[in-house]
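Undergrad: Required output: the full structure, derived from the provided sequences and hints.
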Amino acid sequence: MDLAPAGDTFVKAGTEAGWDHGAADEVEVEQSPAHIVYLKFDLSAVAAPVVRATLTLFATDASPDGGTLYPVSDSSWVEGNQTGKSSASASGPGLKWTDLDTNADGKVDARDASPFVPDFTRPLAVLGSVTLGQTVTVDVTGAMQAGAGLYTLAIKNGSTNRAKYSSRESQIPAQRPRLHLELGALPTTTTTTTSLPPTSTTVPDGATTTTTTLPTVTPAGPLHLLAGPSASCRLVAAVTGWSGKGPAARCTDGDTCDADGAADGSCTAPVTLCLESNAAPGCGPDVLATLKLSSDPRLQALSAAFEDMKAHMPAGASQVCMPVVSQPVGKGRLALKLQRLGKGRRKTLALVCRPSRPAHGKKGGGTTFATIQKKIFDASCATPTCHGAAAVSGGLNLAPGASYGGLVGVLSANPSAGAAGVLRVAPGNPDASFLLQKLSGNITPAEGVKMPLVGRPLSPAELDLIRRWIAAGAPETAPF
1 MDLAPAGDTF VKAGTEAGWD HGAADEVEVE QSPAHIVYLK FDLSAVAAPV
51 VRATLTLFAT DASPDGGTLY PVSDSSWVEG NQTGKSSASA SGPGLKWTDL
101 DTNADGKVDA RDASPFVPDF TRPLAVLGSV TLGQTVTVDV TGAMQAGAGL
151 YTLAIKNGST NRAKYSSRES QIPAQRPRLH LELGALPTTT TTTTSLPPTS
201 TTVPDGATTT TTTLPTVTPA GPLHLLAGPS ASCRLVAAVT GWSGKGPAAR
251 CTDGDTCDAD GAADGSCTAP VTLCLESNAA PGCGPDVLAT LKLSSDPRLQ
301 ALSAAFEDMK AHMPAGASQV CMPVVSQPVG KGRLALKLQR LGKGRRKTLA
351 LVCRPSRPAH GKKGGGTTFA TIQKKIFDAS CATPTCHGAA AVSGGLNLAP
401 GASYGGLVGV LSANPSAGAA GVLRVAPGNP DASFLLQKLS GNITPAEGVK
451 MPLVGRPLSP AELDLIRRWI AAGAPETAPF
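When we follow my numbering, the leftmost residue of the sequence shown carries the number 1, and every step to the right adds one.
What the hints contain is simulated information worked out from the structure, not anything from laboratory work. There's no promise every hint is true.
[Stated by the list, open to error] Computed list of lysine-lysine pairs in BS3-like fashion (alpha-carbon distance at most 30 Å, straight line): (1) K107 x K156; (2) K245 x K310; (3) K12 x K107; (4) K156 x K245; (5) K375 x K450; (6) K347 x K245; (7) K337 x K347; (8) K337 x K245; (9) K310 x K156; (10) K450 x K156; (11) K12 x K450; (12) K292 x K156; (13) K85 x K12; (14) K12 x K156; (15) K375 x K347; (16) K347 x K292; (17) K374 x K450; (18) K337 x K292; (19) K85 x K107; (20) K450 x K107; (21) K245 x K292; (22) K337 x K310; (23) K337 x K156; (24) K347 x K310.
TA: Encoded structure:
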């Protein structure tokens, strides 16, 4: 079953905080000034349980960060009837930034009293890098399983490179947002008579019971053990389309296994986790409490979905699987593992994103940190008056031999960024790296000015080179 949005819009901070964009043919998401997209879907007529829900959007403007999706608990917001293309078409009844930012601090967060603030503690899916003219599809099952009714999804990103998507008002029907639902069997109820009190915890023959047939999703491909391996309760992971058994699952950037479909310096892994129990005592509350994913911030969306599955696991269930999460994986390895809580065996699954295959006739593997040093730092940064050995502006020396050690894993010396715990280079996380933020201008006034301070700004290709290096884990000598 495919559903079009019942409403879609975006809200924007700053000078357009009071504008209605509900009739625009595009929706926009950006970090600064902040844009947040809202999509409403009407599942009131859907009686069967939702086994899987996927959202497809068509990108009309590219961005390295297409945004992260979050649920919104209240769907009573109004789409509006203005395009917001100019001040002449901005005054309407639709949802606006001012409806969300109730404390007028320029941010939308838990401190605002609006019922339309997204639940930023429950990331559903990451859109990743989006390409102009291409569709992007993500799994949003976790937000669509509360039964018939209205559902709202919000999209927020962390890049000043704005992403745009066709809205339901697009003149091209094939490019409009689409929610695809896979439905399970209708719930079945069996009723008999009993004389037992309703507080009884045992249900013998003849007792009144209500049995709900829950949808079961069997992951495709090999299962990777994360915890167990006893039959009473074990945790397994499935990575659809990725090859390999045991401790590693592999994909080549841009191949069919890469869910983002682009050779863009990173892979997207469709990951699902399943709890299996074949013997007593099973996956009871005490066991579940010891199963928590590592605190790696890159696993935030996956961890949130796992905790939600644990919270809703039916008593006595033999298998429960959570919705698929689109997990970004930078070039190199991302360790999927559990925290060391309680007893029991723990294993690590390495998600391995291999570099894209070079075009025919070309040789790859020659790009290293030394390339960045020569082409960017030596040419634009390590000057006698800035970040050279004689100046070391801001405590950062980008001269050969000193730059790597002063960047990777080092806390920013800027007071504002440092107080927030921002690293100069956070391996595997370009968008959380102060180096890339400074070079791209994605900074606040308290974080200084865009770099380089003197000379031309870095080209998109140079910025992409640094982004790919960080996404690959910021290796010192290995090619990326």
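Undergrad: Take the hints in turn and mark each one as holding or not.
TA: Hint-by-hint comparison with the structure:
no.: 1; hint: K107 x K156; in the structure: 12 Å, holds
no.: 2; hint: K245 x K310; in the structure: 25 Å, holds
no.: 3; hint: K12 x K107; in the structure: 11 Å, holds
no.: 4; hint: K156 x K245; in the structure: 35 Å, violated
no.: 5; hint: K375 x K450; in the structure: 19 Å, holds
no.: 6; hint: K347 x K245; in the structure: 13 Å, holds
no.: 7; hint: K337 x K347; in the structure: 7 Å, holds
no.: 8; hint: K337 x K245; in the structure: 16 Å, holds
no.: 9; hint: K310 x K156; in the structure: 26 Å, holds
no.: 10; hint: K450 x K156; in the structure: 23 Å, holds
no.: 11; hint: K12 x K450; in the structure: 24 Å, holds
no.: 12; hint: K292 x K156; in the structure: 26 Å, holds
no.: 13; hint: K85 x K12; in the structure: 12 Å, holds
no.: 14; hint: K12 x K156; in the structure: 11 Å, holds
no.: 15; hint: K375 x K347; in the structure: 41 Å, violated
no.: 16; hint: K347 x K292; in the structure: 13 Å, holds
no.: 17; hint: K374 x K450; in the structure: 21 Å, holds
no.: 18; hint: K337 x K292; in the structure: 9 Å, holds
no.: 19; hint: K85 x K107; in the structure: 23 Å, holds
no.: 20; hint: K450 x K107; in the structure: 23 Å, holds
no.: 21; hint: K245 x K292; in the structure: 22 Å, holds
no.: 22; hint: K337 x K310; in the structure: 16 Å, holds
no.: 23; hint: K337 x K156; in the structure: 27 Å, holds
no.: 24; hint: K347 x K310; in the structure: 19 Å, holds
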